[in-house]
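Engineer: Same order as they appear, the protein sequences are chains A and B. FYI, the numbering used here numbers position 83 of the first sequence as 83, with every residue one higher than the one before it. FYI, the numbering used here numbers position 123 of the second sequence as 123, with every residue one higher than the one before it.
Derived from the structure by calculation, the hints contain no laboratory data. A portion of the hints provided could be inaccurate.
Note that the list lumps identical chains together, so a pair holds whenever it fits in one copy or between two copies.
As the list claims (entries may be wrong) - The calculated EDC-like cross-link candidates involving lysine to aspartate or glutamate, where the alpha carbons are at most 20 angstroms apart (straight line), are:
#	residue 1	residue 2
1	K48	E21
2	K12	D41
3	K23	E155
4	K145	E38
5	K130	E21
6	K111	E21
All figures in this text were calculated on a predicted structure; none of them were measured in a lab.
Protein chains: 2
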Amino acid sequence: MNRKNTREIERKFLVKRLPPEVKRARSYTIAQGYLAAEPDDRHVRLRKRGDAASLTFKTVDGSVREEREIQLSDKQFRALWPGTRGRRLRKVRYQIPWNDVLVEIDIYRGKNNGLIVAEVEFPNRAACRKFRPPDWFGREVTGEKRYSNIQLACE
Amino acid sequence: MNRKNTREIERKFLVKRLPPEVKRARSYTIAQGYLAAEPDDRHVRLRKRGDAASLTFKTVDGSVREEREIQLSDKQFRALWPGTRGRRLRKVRYQIPWNDVLVEIDIYRGKNNGLIVAEVEFPNRAACRKFRPPDWFGREVTGEKRYSNIQLACE
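Generate coordinates for the entire structure from the input sequences, incorporating the hints supplied.
Structural biologist: So this is what it looks like as structure tokens:
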């Protein structure tokens with residue numbers, strides 16, 4: 001859901017068990033790394049999803065994000081990617097429609113192998129507040145640094 | 001001199017007075033801003049030089065830099081540029097050949113109006129040590145945070 005240059009409202013949860021919907025969900029592998037990350041969650045991320053490469057700028061203010069993304073050519077991506085050395089992660093993402101929202105489940109690989117996290121993005125604050133997590137969701141970890149992708153990539 | 005994906009050795013000086021060579025030097029206007037900057041000088045910079053847009057990743061270790069740069073399309077640049085709000089600077093750069101090296105003089109505009117800085121880039125450490133500054137150079141400020149472009153853009 002990171003395709004738009006706009007502001008986002010998201011919540012993040014650990015996943016207790018994978019739901020049956022995972023079996024027929026769309027999935028793809030993501031490799032991402034961070035060129036620079038400020039302590040207050042302002043960062044520039046490189047991502048490869050299949051053959052599609054992108055560069056994303058994000059700032060975070062509470063649960064509201066400003067996000068700006070561009071697609072990169074393969075040549076552009078290859079020139080910058082070495083700069084993310086030691087700040088990378090890999091995960092498989094499953095997209096599961098759930099009532100009115102899209103739940104994205106990330107199963108981490110590599111050094112974070114075993115970690116499973118669900119992210120839900122909302123069109124507005126009211127929808128964010130009204131959301132009732134399904135019973136296969138575990139603890140909410142929205143805003144917890146420990147489970148930020150930057151932390152997981154750099155630790 | 002920021003065209004290569006390689007490591008750089010540079011020295012930076014204040015400029016006491018502009019040399020006569022400035023009159024016939026190549027010059028161009030630079031607008032640049034920072035998407036993200038870590039305290040230890042790891043950052044991502046957007047730059048527009050005339051019509052040419054670029055994105056540069058830099059890390060600094062002492063006087064040696066790792067630098068990776070890509071050219072951006074106008075569309076890519078316009079998508080990211082708003083993310084540098086409040087972290088921008090403008091300057092006019094003059095390029096002056098000086099013995100075996102190229103001296104770049106930056107005359108700052110906008111909020112840093114009046115500041116003039118010279119940068120010299122060297123092919124190796126020996127050339128860096130041997131360099132004798134011309135008499136129109138002022139104090140050396142290599143490595144001084146106060147005169148880093150990030151500091152000048154964000155202060």
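Engineer: Could you run down the list of hints and mark each one as holding or not?
Structural biologist: So, going through the hints one by one against the coordinates:
| no. | hint | verdict |
| --- | --- | --- |
| 1 | K48 x E21 | neither (25 angstroms within a copy, 47 angstroms between copies) |
| 2 | K12 x D41 | within (16 angstroms within a copy, 31 angstroms between copies) |
| 3 | K23 x E155 | neither (31 angstroms within a copy, 52 angstroms between copies) |
| 4 | K145 x E38 | both (13 angstroms within a copy, 17 angstroms between copies) |
| 5 | K130 x E21 | neither (22 angstroms within a copy, 68 angstroms between copies) |
| 6 | K111 x E21 | neither (26 angstroms within a copy, 56 angstroms between copies) |
The structure fails hints 1, 3, 5, 6 (numbered hints given earlier, in ascending order).
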